[in-house]
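Each protein sequence line maps, in turn, to chains A and B.
As numbered in the numbering used here, the first sequence has no gaps in its residue numbers, which increase by one up to the final residue, 192.
As numbered in the numbering used here, the second sequence has no gaps in its residue numbers, which increase by one up to the final residue, 495.
None of these hints come from the bench; they were simulated from the model.
Possibly wrong hints are sitting among the right ones.
[Said to hold, decoys possible] Lysine to aspartate or glutamate pairs mimicking EDC-like chemistry, simulated, CA-CA at most 20 Å apart:
{"no.": "1", "chain 1": "B", "residue 1": "K103", "chain 2": "B", "residue 2": "E245"}
{"no.": "2", "chain 1": "B", "residue 1": "K225", "chain 2": "A", "residue 2": "D107"}
{"no.": "3", "chain 1": "A", "residue 1": "K103", "chain 2": "A", "residue 2": "E183"}
{"no.": "4", "chain 1": "B", "residue 1": "K103", "chain 2": "B", "residue 2": "E290"}
{"no.": "5", "chain 1": "B", "residue 1": "K103", "chain 2": "B", "residue 2": "E353"}
{"no.": "6", "chain 1": "B", "residue 1": "K427", "chain 2": "A", "residue 2": "D107"}
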Amino acid sequence: MQGFLLMAGGARGSEGGSEMANKIKDDAAGAAPDQEKVKDPERYIGNLLLPTTILALAGICLVQTFDFPGGGEDVGPAGVPYLWIGFTALFCVMLIIQVILRKMPPDPIPGRIGFVILFAGWLAVYLIAIENIGYYVSTFIFLMVSMYVLTYRNYLIMLAVSVGWLVFAYLVFAQLLFIQLPEGPLFRLLFE
Amino acid sequence: MEILDSLIFGFSTLIGWKPLLIIVAGVIVGIMVGAMPGLSPSTGVALLVPFSYTMSPALAVILLVSIYISSNYGGSITAVLINTPGTPAAAATAIDGFPLTVKGRAGKGLGMSLIASTVGGIFGTIILIAFAVPLARLAIGFHPADYFALAIFGLTTVGSLGGGNVAKAMVAVLFGLLINTVGLDPISGVSRFTFGIDALYDGFSLIPALIGLFALSVVFTAFEKGKLSKRLVDAVGGSFPTLAESWKSKMTIARSSVLGTIIGIFPGAGATIASFISYNIAQRTSKEPETFGKGAMDGVAASEAANSSSVGGALIPLLALGIPGSATDAVLIGALQLHDITPGPLLFESNPEIVYGIFAALIVANAAMLVLGLFGVRYFAKVVEVPPAILYPMILAISLIGSYAVRSSFFDVGACFAFGVVGWIFKRYGYPVAPIVLGIVLGSLLEENFRRAVMMDGPLVFFTEPLSAVMLSVALLLFVWPIYKSYRARQKTEA
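In isolation and in its complexed conformation, chain B is listed as follows:
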């Protein structure tokens, strides 16, 4: 009852045209930022911080939170339409979203992404409201071994991304993991695999790799196949998913929302890992796993519900303990401090209007995102009607400026180009590119926590920590089971 009263109080801070206008503006900016490769949610929030200087603290937070939640959805728009994930978290969305576009069902992909994002976002918010404090306390008690096990659990996704050959998927993920080790060692500071090149000391940035592997490789593949006078798709198909189609994905959305929220609570885990893990679980539990990677609506739903719900999860340690769960949360903390607000347990008592204002703003921002998305879907989908002779050079221009924007570095632009070539070659020979991204994303989490855990409690800690032991066992089972099943199937066939 106390929570309900507090929430009503939170909604009362949104009464008036100004807060609502700020939410709508924040959602529009967030969608645009998310859709632009190279601009992450953290960039979007940081970009708008200066605009919030003159606002009251409550309004400033409402604006920034609206951008945060909607930029996660925005990332899926370009992922679905042109296979260019606007945010790293949307990489898993592209796996099924883009095939939907190629089949002329771009509207279905965009629509499912919107519905799943909205439901996931609202679910994450509800969990945030109900369990912020106890969950945050639980999360900071996790041992590094648990984080390592979580990352290994994320790697089991590889089995479902292999496209029929697990060895190829494993080589791809290991290639990503090796790429991640380039640069200064996160613990000892030793330079690794830099070959005397200064730019490599900071390692490879994720965004140029992501853009190169997904976007540039599509352009190169299209160039190889020819038929450049032919449009990307024959029919745009801007129609939204029907109620029945949406309802079919209800379980996937619900499960992915739960997973996304839980993974979001782990500081440092984030939306990308949440998306890949949820995608993996969705495929493994699907009655039609063979449709994944070929335009499965459940694939889009799983990824989007998880990455949106992870926002609510990541805000839990931020609000309850003052610990940023993601890069965007770190920017948010900075913005809050600019307004003399210190996140943490005392915030609930000292500035309840901020805390409950955030809760209410998240719900209203999700609703605004749904309305604006519904309105925009048919227009977004028109992108693929652009003739390829215009679309492909534009994809290249957007990709290159997106890579440059991350660190204002030409090295990143060159890296994006190189990853584009790698992606094209990998795709030619049936190696999936998504595991490379997974390897780059999970590499640091795996290595840092592996070494910390060993330093703290020795190499057996992974089996003595209960949560770690359970997650590693499940991960092993998830990896071995499909291999065993295919072996059995083969034996039966031979018999």
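Bound-form chain A, shown alone:
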């Protein structure tokens, strides 16, 4: 079982074998520091959580398939999802075992995760704002604030980029492609 897990964890391309061999040699050479790392279970939380979450999602999908009607002559609407769910469970379990056996690298060292979450939140606010105050106003604010937050300080360029993008978006999407971007009350007041 362990051999198979390692095989699945180690395959690369058709020529991947020799590279893998080199990697294994490298790993062997650097075994001492690696073993130091693997003793700390906290370094594998992310690696464990991800396949576990996907496994849980597959489980939810499986429960959902019980409500699907049968397919009669056909394989049925649940047939192919069963296949994908089954294989997903198999490979997730393999990954979880790889983590338990410490046969994969530990979690990456966290970077500025707080900043990513903050910016993702800002992006979510922007998406909500598009529907409420319109695409043009919200995008202008989004671009200006984002550039500022990312430490850019040439205000003239910031203004030119933001306005330039809005003009481009208006001409190409609204005028040429007839894609109705939400205009919002301010835009309507100014241009209609």
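Once you've looked at the hints, dock chain B against the given chain A.
Relative to chain A, chain B alone:
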């Protein structure tokens, strides 16, 4: 000799400033449409259909075909420069194109993409000219089991996208395949995994998923790593590949052009599958497979040659039988019908100027694409010189509007955002994101043909249909062989 005479006749329809101007305009529009995430080749062709109303049928077709061929190349520009594939087919190009940019070799990536696209496009056209009718008849005779086997063959690409851990790549592709099952079942119409959300009845659209997984995830990863005052690359490197560098990829380009044309003939297979399969074969046959995913010129060449040559392949069933091989072909059929032209076997006799005009226009459009691309490469490459503080918000703005443009749906924008977060998390833990796209692309083809084949001839049909049996055997071999080799290598090392 008859073909040559017909082709000369086709070129004669292009004589004059008007057809040439139309080709150049079509190529420019096509490159721009392709480079814009969210605007697919089919959108570009559909967009220009109204402009063709007042043109003669021949000129209208020349314009639309020029957009079609060049938008496939355009998709690679943003894929190489900012890891945002302009078209789904360019997703495979981004795998090696973007690392080239990060290494300061954006010009090399763009140049190789241009050369491969041009050669692939011309090759596909030549095959179209020479074998349109017999190949089209052959293609419609394929059993659903053959299509299923083709999709499985496409999935073997996963082995080469795994980045060292096949289990992670498999989880990623299965995640994509499961995503593809969300919505109404294509055969029975039963709603699956919609959780009562109306927007999910149509399933997830490919483009927002693609943009989120490739573009947004890059931005989130950059934010996590910090160093936002640092430019995306240290040196732009707008220089074009040298002749020697281009020549080194000759076999890859030739092989991928053949593969792309053949896959393009399969109605519904399309440029994206052609790109991924060719990329996979290129890596497996390469003397330096370890360079793939890290900026291999052959990786870019394989993907681009295949997706451009698939255009010629997809036009074969369209012109010879009136069957659209792709979404863009369906739009083209509509445009032809607007001009009272019905594609099919009779077209070769009733409107030879249209058929051979298309052939000639494809060749000239490829040449125009090469010239315009050569001129543009150094300017396109300047994009990455933009400070990250401007570039990243712009990528976000382009990504979100691109997602919205597909169906004018905020759900798609939200999905793009969610896929961006998924892509970032997957990348953090070493899960490749390209297999997710592959799963979404191949999901429908796999499921529909699997079920049709079973309905028609029972579950053993996959092994009794000769083509299916051969393709499935090769796919199994391609998947198992690297695992076996790494196992052997490990055993040797342990010994």
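Within 20 Å, alpha carbon to alpha carbon, are K103(A) and E183(A)? Violated, at about 53 Å.
CA of K103(B) to CA of E245(B), is that 20 Å or under? holds (16 Å)
Quick one, are K103(B) and E353(B) close enough, alpha carbons at most 20 Å? violated (48 Å)
Agreement of K427(B) and D107(A) with the hint, judged by alpha carbon distance not exceeding 20 Å: holds (11 Å)
For the pair we were handed, K103(B) and E290(B), check the Cα-Cα distance against 20 Å. OK: K103(B) and E290(B) at ~16 Å, within 20 Å.
With a cut-off of 20 Å on the C-alpha distance, tell me whether K225(B) and D107(A) pass. holds (15 Å)
Checked against the numbered hints given earlier, this structure breaks hints 3 and 5; the rest are met.
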